[in-house]
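Engineer: Single-letter residue listing:
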Amino acid sequence: MAIQLEFLKSILYFSGLGPAELEAIGRLVFEKTADRAEIVLLEGELAENLYFVASGVVKVFKTSAEGKEQILSIVRPGESFNDVPIFDGGPNPASARAMGPVILCGIKKNDMEAILRDHPQIALNVIKVLARRVRHLVSLVEDLSFRHVISRVAKILFEHIGGEMGRGPRLTQQEMAAMAGTAREVVGRSLKALEEEGAIRLDRHRIIIRDKEALRKIMEVSS
Amino acid sequence: MAEMPITDVRKCDGCGLCVGVCHLNALTIVNKIVTIIETVECDWCTDCEAVCPTGAISCPFEIILQES
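Respectively, the protein sequence lines represent chains E and C. Counting with the working numbering, you get residues 215 to 437 for the letters of the first sequence. Counting with the working numbering, you get residues -15 to 52 for the letters of the second sequence.
Don't read these hints as lab results, they were simulated from the structure. Warning: the hint list may mix true and false statements.
Stated by the list, open to error - The following label-pair restraints were derived from C-beta to C-beta distances:
1) E252(E) to Q50(C): 35 to 41 Å
2) L8(C) to G232(E): 43 to 49 Å
3) N15(C) to K426(E): 44 to 50 Å
4) L8(C) to P334(E): 45 to 51 Å
Yeah, the Cβ is synthetic: ideal placement off N, Cα and C, and Gly gets one too.
Just chain E, with the same shape it has in the complex:
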C-alpha cells in the first residue's frame, strides 16, 4: 500500500491531494501486470478502466485494415492511458500493447467518476492531462496530414548515403525526425513505407538503398 500511495502522489491526476484522500483513492486502485507484447487494450472494445503505468512502457497505437500500425504515444511510468473513453463513455479509441513487462495501476470507470465527484479539485489536473493529450495529437495530425514526410525521409537517406571509400554519417531515427521536422514515430513508419515501395531494405543497423532512382522519385514529390 505504501508504494502505491507514493506512486499515486507522483502522478498528475492526483496532484494536490493529501495522504488521507490518496489513501481513499488507493483503495479503489487495482494492479494489473502484462508481459512483453501483450495487448492491454483493444481498439473498439468498451472501455472499463483508466490505467496508469507504474513500471515498464506501453505503446498506444492504431492499426489499419492492412495491418499497418501508427503509434500514437509511448506511455512511461507515471503517465496514464485510455483517459478519453473513461470520460466520454465511448469505446477504446486505440489499442495498447506492453513493450516489455509492465505493471499497471487501474481504476474502474465508475470509481473514477466517484473520485471526481468526491474530489472536484482534481478536475483541473484531469483537464491538464487531456489538454496535453490533445496538443500531442494535433501535432501528430499535422505531421501525418500536411507534411510529405516520406519525401523528406527519402531525401535525408539520399543525401547521407555512405561513399565507396567509407561510411557516411550514421543517423538514428530520432536524428532523422529532427531533420525532417517530424516525430520519431512518423520516421519509423516512413522507413517501413519506403521498404514496402522497394526503394530501401532494412537490414539490422543498415538501411540499404535498393533502388536509388525510386528513392529519388519519392524524394522529388513536393512537400
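Here the structure of chain E is known, so what remains is to put chain C in place on it, guided by the hints.
Structural biologist: What follows is chain C alone, placed relative to chain E:
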C-alpha cells in the same frame, strides 16, 4: 562482433526502461548505468532508443547503396 546500440553513460539515469523492452535481453543495469551484453546479437528493433527518456541510447543506421 555484432553491431550494438550506443550508450551514453553520462545521460543514463539507470531507470531500466530499456532493459524491460529489449526482447533479446541484450541490456542490463550495472551500478545504475545501462550496460550492453555484447554476446547478444541485437536485431536493431530500436525500442530501447524509443523508450529512453534521457536519450542515453542510440541506434544509428548506416546508409549504403546495394551492391549491384
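Engineer: Could you see if the CB distance from L8(C) to P334(E) stays within 45 to 51 Å?
Structural biologist: Holds - the Cβ-Cβ distance for L8(C) and P334(E), about 48 Å, lies within 45 to 51 Å.
Engineer: Does 43 to 49 Å hold as the CB distance between L8(C) and G232(E), or does it fail?
Structural biologist: Given about 45 Å between the Cβ atoms, the range holds.
Engineer: Mind checking the hinted window 44 to 50 Å against the Cβ distance between N15(C) and K426(E)?
Structural biologist: holds (46 Å)
Engineer: Is the hinted range of 35 to 41 Å satisfied by the C-beta distance from E252(E) to Q50(C)?
Structural biologist: At 37 Å between Cβs, range holds.
Checked against the numbered hints above, the structure breaks none of them.
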